[in-house]
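Chemist: Residues per chain are reported as follows:
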Amino acid sequence: MKTDNNGVAAWLLQVDRLVNVAIGQFELIHIIDEPDYMSIPQAPDYCKDVVLWNNNIVPVMSLASWLTSCLQVDNTGVVAIVVYQDDQGKHKFGGIKLSSPPIQAKVNNSQQCQLTDDLDKWRKVSLSSFKSKTGDIVPIIDVSKLFSQVLLS
Amino acid sequence: MTDLKFKNKSQRDDVRYHVSMLSFAGIKLIVPQSEILSIESIYELESNEDNENHIGVIYKQGIKLPVFCFSKSMEVYKTLPEDRFQCVVLQHENIMFSLLCYEITNAVISEIEFHNLPICMNNNKIPLTHLCLYKDVDNMHKLGMVTNTARLNEYINKLK
Numbered sequence: 001m002k003t004d005n006n007g008v009a010a011w012l013l014q015v016d017r018l019v020n021v022a023i024g025q026f027e028l029i030h031i032i033d034e035p036d037y038m039s040i041p042q043a044p045d046y047c048k049d050v051v052l053w054n055n056n057i058v059p060v061m062s063l064a065s066w067l068t069s070c071l072q073v074d075n076t077g078v079v080a081i082v083v084y085q086d087d088q089g090k091h092k093f094g095g096i097k098l099s100s101p102p103i104q105a106k107v108n109n110s111q112q113c114q115l116t117d118d119l120d121k122w123r124k125v126s127l128s129s130f131k132s133k134t135g136d137i138v139p140i141i142d143v144s145k146l147f148s149q150v151l152l153s
Numbered sequence: 154m155t156d157l158k159f160k161n162k163s164q165r166d167d168v169r170y171h172v173s174m175l176s177f178a179g180i181k182l183i184v185p186q187s188e189i190l191s192i193e194s195i196y197e198l199e200s201n202e203d204n205e206n207h208i209g210v211i212y213k214q215g216i217k218l219p220v221f222c223f224s225k226s227m228e229v230y231k232t233l234p235e236d237r238f239q240c241v242v243l244q245h246e247n248i249m250f251s252l253l254c255y256e257i258t259n260a261v262i263s264e265i266e267f268h269n270l271p272i273c274m275n276n277n278k279i280p281l282t283h284l285c286l287y288k289d290v291d292n293m294h295k296l297g298m299v300t301n302t303a304r305l306n307e308y309i310n311k312l313k
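Protein sequences, first through last, are from chains A and B.
With the first letter of the first sequence counted as 1, position 74 gets the number 74 in the numbering used here; the numbers rise by one all the way through.
Counting from 1 along the second sequence, just add 153 to a position and that's the residue number in the numbering used here.
Please keep in mind that the hints were generated in silico from the structure rather than gathered at the bench.
Here a beta-carbon is modelled for each residue, glycine too, at the ideal position from N, C-alpha and C.
Do not take every clue at face value.
With a cut-off of at most 25 Å between alpha-carbon atoms, the simulated SDA-like pairs for lysine to any residue come out as follows [what the hints assert, rightly or not]:
#	chain 1	residue 1	chain 2	residue 2
1	A	121	B	311
2	B	181	A	53
3	B	295	A	132
4	B	295	A	49
5	B	288	A	99
6	B	278	A	49
7	B	278	A	144
8	A	90	B	296
9	B	225	A	42
10	B	225	A	124
11	B	311	A	49
12	A	90	B	295
13	A	92	B	205
14	A	90	B	276
15	B	288	A	33
16	A	124	B	272
17	A	92	B	311
18	B	278	A	33
19	B	278	A	153
20	A	92	B	293
21	B	295	B	207
22	B	295	A	124
Facing chain A, according to a computed beta carbon distance under 7 Å, are these residues of chain B, among others [to be verified]:
#	residue
23	229
24	233
25	273
26	276
27	290
28	293
29	294
A few chain A residues that don't get close to chain B, going by computed Cβ distances all over 12 Å [claimed, not checked]:
#	residue
30	86
31	87
32	145
33	147
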């Protein structure tokens with residue numbers, strides 16, 4: 001990630017009305033508005049859809065569903081396409097449903113903080129966390145882990 | 154020409170695949186055409202009086218076959234929806250059962266790319282073998298859900 005005096009560039013993704021997460025600047029590669037989903041029968045509620053993007057089959061995560069264990073959540077239809085490396089080092093694509101368009105931010109070391117108990121669920125898929133300017137704790141997502149089998153266990 | 158063979162890796166082939174597309178509840182399952190034994194009228198369906206997961210039975214070659222009816226998410230329907238007009242009999246080795254569909258169409262697909270189910274969603278409950286990318290008659294890329302009789306049978310057995 002590119003660093004300057006203001007910190008490291010990142011994207012803030014609002015995945016629920018009250019929840020933001022962050023990913024690295026170069027992990028977000030595209031935004032799709034109102035994609036055509038294909039729902040996969042019997043897939044987990046938080047990852048039941050795939051989309052066709054640039055001739056790739058892309059699984060789409062609803063982190064709001066995962067957080068609330070509820071299928072019906074308040075997403076806008078905006079999907080962030082992210083890139084990550086799988087276990088074999090191959091580039092793969094994933095989608096994350098958003099509640100609003102992503103925002104660029106700078107994050108520096110002084111903002112680092114621990115996840116509180118109410119955010120414990122994020123430990124499975126986060127690299128670290130920081131306190132935003134509004135005082136919210138924002139998990140920094142490990143995108144490879146998010147699209148691995150870790151949420152199934 | 155080649156019957157649909159399922160591969161364990163993403164791959165684009167130039168061979169032509171004979172497939173059947175089973176449409177119901179807004180979804181379309183792609184199965185090997187060689188596993189379609191017959192298509193029966195819905196009027197052949199005898200309703201099920203037992204408390205079973207299947208919606209009824211049909212008789213094929215003197216054998217009583219269970220008929221299953223699924224929702225979009227492949228949950229079992231126990232009452233007949235209005236949009237099921239055809240009853241497809243699937244057979245593979247000694248497995249034979251029937252599914253109620255809205256429509257069954259045959260296709261020959263020349264450009265198809267098979268993909269394993271994404272690992273982040275593969276909870277071993279999904280009644281599919283693969284996802285696929287193929288080109289439709291208008292040369293447009295389409296997403297598809299690939300399954301076969303054995304995989305569907307495995308899914309049905311877990312419902313019991």
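Chemist: Take the hints in turn and mark each one as holding or not.
Modeler: Here is what the structure says about each hint:
1. 121/A <-> 311/B: violated, 30 Å
2. 181/B <-> 53/A: Holds, at about 20 Å.
3. 295/B <-> 132/A: violated, 41 Å
4. 295/B <-> 49/A: Satisfied, since the Cα-Cα distance of roughly 15 Å is no more than 25 Å.
5. 288/B <-> 99/A: Since the Cα atoms of residue 288/B and residue 99/A sit roughly 32 Å apart, the hinted pair is violated (cutoff 25 Å).
6. 278/B <-> 49/A: holds, 15 Å
7. 278/B <-> 144/A: With Cα atoms ~23 Å apart, residue 278/B and residue 144/A stay inside 25 Å; holds.
8. 90/A <-> 296/B: holds, 22 Å
9. 225/B <-> 42/A: holds, 10 Å
10. 225/B <-> 124/A: Roughly 31 Å separates the two Cα atoms, so the pair is violated.
11. 311/B <-> 49/A: holds, 23 Å
12. 90/A <-> 295/B: holds, 24 Å
13. 92/A <-> 205/B: Violated, at about 42 Å.
14. 90/A <-> 276/B: holds, 22 Å
15. 288/B <-> 33/A: Roughly 23 Å between the alpha carbons, so the hint for residue 288/B and residue 33/A holds.
16. 124/A <-> 272/B: holds, 16 Å
17. 92/A <-> 311/B: Violated, because 32 Å separates the two Cα atoms, which is more than 25 Å.
18. 278/B <-> 33/A: Violated - the C-alpha atoms of residue 33/A and residue 278/B are around 30 Å apart, more than 25 Å.
19. 278/B <-> 153/A: With Cα atoms ~14 Å apart, residue 278/B and residue 153/A stay inside 25 Å; holds.
20. 92/A <-> 293/B: Given pair residue 92/A, residue 293/B holds - Cα atoms ~23 Å apart, limit 25 Å.
21. 295/B <-> 207/B: Between residue 295/B and residue 207/B the Cα gap is close to 31 Å, so the pair fails against 25 Å, i.e. violated.
22. 295/B <-> 124/A: Roughly 34 Å between the alpha carbons, so the hint for residue 295/B and residue 124/A is violated.
23. 229: violated, 12 Å
24. 233: violated, 20 Å
25. 273: Check passed: Cβ of residue 273/B comes within 5 Å of chain A, closer than 7 Å.
26. 276: OK, holds: residue 276/B within 7 Å of chain A, min 6 Å.
27. 290: This hint is violated: residue 290/B lies away from chain A, its Cβ roughly 17 Å from the closest one there, beyond 7 Å.
28. 293: violated, 10 Å
29. 294: holds, 6 Å
30. 86: Nearest chain B Cβ is 8 Å from residue 86/A, so the label is violated.
31. 87: violated, 9 Å
32. 145: violated, 10 Å
33. 147: With a cut-off of 12 Å, residue 147/A comes too close to chain B, as the shortest Cβ separation is near 5 Å.
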